[in-house]
Amino acid sequence: MIAAFRVPNRAILKRVSWACHMLNTCLQNSVNRKPNSQFKLSDEGVPISTLIQSCKSLVTYCKQAYLSRRLSVAPVQAVETRWNSNLDMLDSFIRLYPELEDILQERDERNRLPGPVDFLRAVASRPLKTATLALESSSSPTIHLVVPYFIKIRAHVSQPISEEFRDLPQYSALVAYQVRLNFFDTT
31 MIAAFRVPNR
41 AILKRVSWAC
51 HMLNTCLQNS
61 VNRKPNSQFK
71 LSDEGVPIST
81 LIQSCKSLVT
91 YCKQAYLSRR
101 LSVAPVQAVE
111 TRWNSNLDML
121 DSFIRLYPEL
131 EDILQERDER
141 NRLPGPVDFL
151 RAVASRPLKT
161 ATLALESSSS
171 PTIHLVVPYF
181 IKIRAHVSQP
191 ISEEFRDLPQ
201 YSALVAYQVR
211 LNFFDTT
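Position one of the sequence shown corresponds to residue 31 (our numbering), numbered consecutively onward.
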C-alpha cells in the first residue's frame, strides 16, 4: 500500500501503526504463556493470567454442563482471534457473577468461582474496551484520540486496588505492576 503512495519528488510516506491494533496486541501479550513466544509473561503476571484462564475454564464448564441455559444470557467465550475477547469474557462474567454464584452454590461447586467479583472488576479494565471501540472507527479519523485514551488507560491501571484483596495472589501481581508503572513515570 505504501508503494501506491510513492510520488516522484515527494517525501516517502512512513507507516504509522494502528493504535487500536497495538492496544489489542498489548492485551494479548499481557496474558501470553506460550513458551516459544517472543513476548514472555513476567512471573508477577502469572496470577492474572491464571485468573483469566480460570474464567475461561468456567465459561467452558458452563457450556458443557448446560449451566448456560439457567443463566439470563450466555457467558462470552474468549477466542484468541477475536479482538478484546478476554475483556468481553471478564465483563460478561462480572455481569453474570450473582447468577453463577447461586447456581454453583446449589451444585456445591462454589470453589469454581475464580475470585471475588470486585477484584474481577479491578482487573477487567473497562477503559481498554472503550478505547478500542473509539480507536477502531473506520468512518472518521482517530489519530487525535490516541493520546487522550493512553492517559485514561494509564490513570485507570494506576489506581490503587482495595486492601481487602491482599490475600489473593493476583493482588500482589497487580500491585507489582503498578509499582513498575510508577517507576517508569519517574524516570
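No lab work stands behind these hints: they were computed from the structure.
All C-beta atoms, glycine included, are put in the ideal place defined by N, C-alpha and C.
Be a bit skeptical, because a hint or two may be false.
[As the list claims (entries may be wrong)] If you anchor each label on the Cβ, the simulated ranges turn out as follows:
id	residue 1	residue 2	range
1	109	146	21 to 27 Å
2	168	109	17 to 23 Å
3	167	103	24 to 30 Å
4	140	169	27 to 33 Å
5	137	171	27 to 33 Å
6	90	135	38 to 44 Å
7	138	170	51 to 57 Å
8	173	100	44 to 50 Å
9	163	87	36 to 42 Å
[To be verified] Taking lysine to any residue and the SDA-like style, the derived pairs with C-alpha atoms no more than 20 Å apart in a straight line are:
id	residue 1	residue 2
10	93	55
11	182	169
12	182	197
13	93	104
14	86	147
15	159	178
16	159	143
17	86	182
18	159	141
19	93	159
Hint check results:
With their beta carbons about 26 Å apart, residue 109 and residue 146 fall inside the hinted range of 21 to 27 Å. In this structure, residue 168 and residue 109 meet the distance hint of 17 to 23 Å, their C-beta atoms being roughly 22 Å apart. Checking the proposed 24 to 30 Å range against residue 167 and residue 103 shows it holds: the Cβ atoms sit about 27 Å from each other. Between residue 140 and residue 169 the CB atoms are about 46 Å apart, so this pair departs from the stated range of 27 to 33 Å.
Remark: the range hint 27 to 33 Å for residue 137 to residue 171 is contradicted by a beta-carbon distance near 51 Å. A beta carbon spacing of about 20 Å between residue 90 and residue 135 contradicts the range 38 to 44 Å that was offered as a hint. Separation of residue 138 from residue 170 is about 52 Å and conforms to the stated range, judged on CB atoms against 51 to 57 Å. Hint check: residue 173 to residue 100, Cβ distance near 46 Å, so the stated range 44 to 50 Å holds.
The beta-carbon spacing between residue 163 and residue 87, approximately 27 Å, falls outside the hinted interval of 36 to 42 Å. As the CA atoms of residue 93 and residue 55 are separated by approximately 28 Å, the hinted pair breaks the 20 Å bound. At roughly 23 Å between alpha-carbon atoms, residue 182 and residue 169 are farther apart than 20 Å, so this suggested pair is violated. A threshold of 20 Å between alpha carbons decides the hint, and for residue 182 with residue 197 the separation of about 28 Å lies outside it, so the pair is violated.
Between residue 93 and residue 104, the direct Cα distance comes to roughly 8 Å. Compliance with the 20 Å bound is thereby established for this hinted pair. For the proposed pair residue 86 and residue 147, the alpha carbon gap of about 15 Å is at most 20 Å, so the pair holds. Proximity of residue 159 to residue 178 is assessed by CA-CA distance (about 14 Å); at most 20 Å being required, the pair is judged to hold. As the CA atoms of residue 159 and residue 143 are separated by approximately 23 Å, the hinted pair breaks the 20 Å bound.
A threshold of 20 Å between alpha carbons decides the hint, and for residue 86 with residue 182 the separation of about 27 Å lies outside it, so the pair is violated. Between the alpha carbons of residue 159 and residue 141 the distance comes to roughly 29 Å, so the proposed pair goes past 20 Å and is violated. For the proposed pair residue 93 and residue 159, the alpha carbon gap of about 25 Å is over 20 Å, so the pair is violated.
Of the numbered hints given earlier, the model fails hints 4, 5, 6, 9, 10, 11, 12, 16, 17, 18, 19; all others are met.
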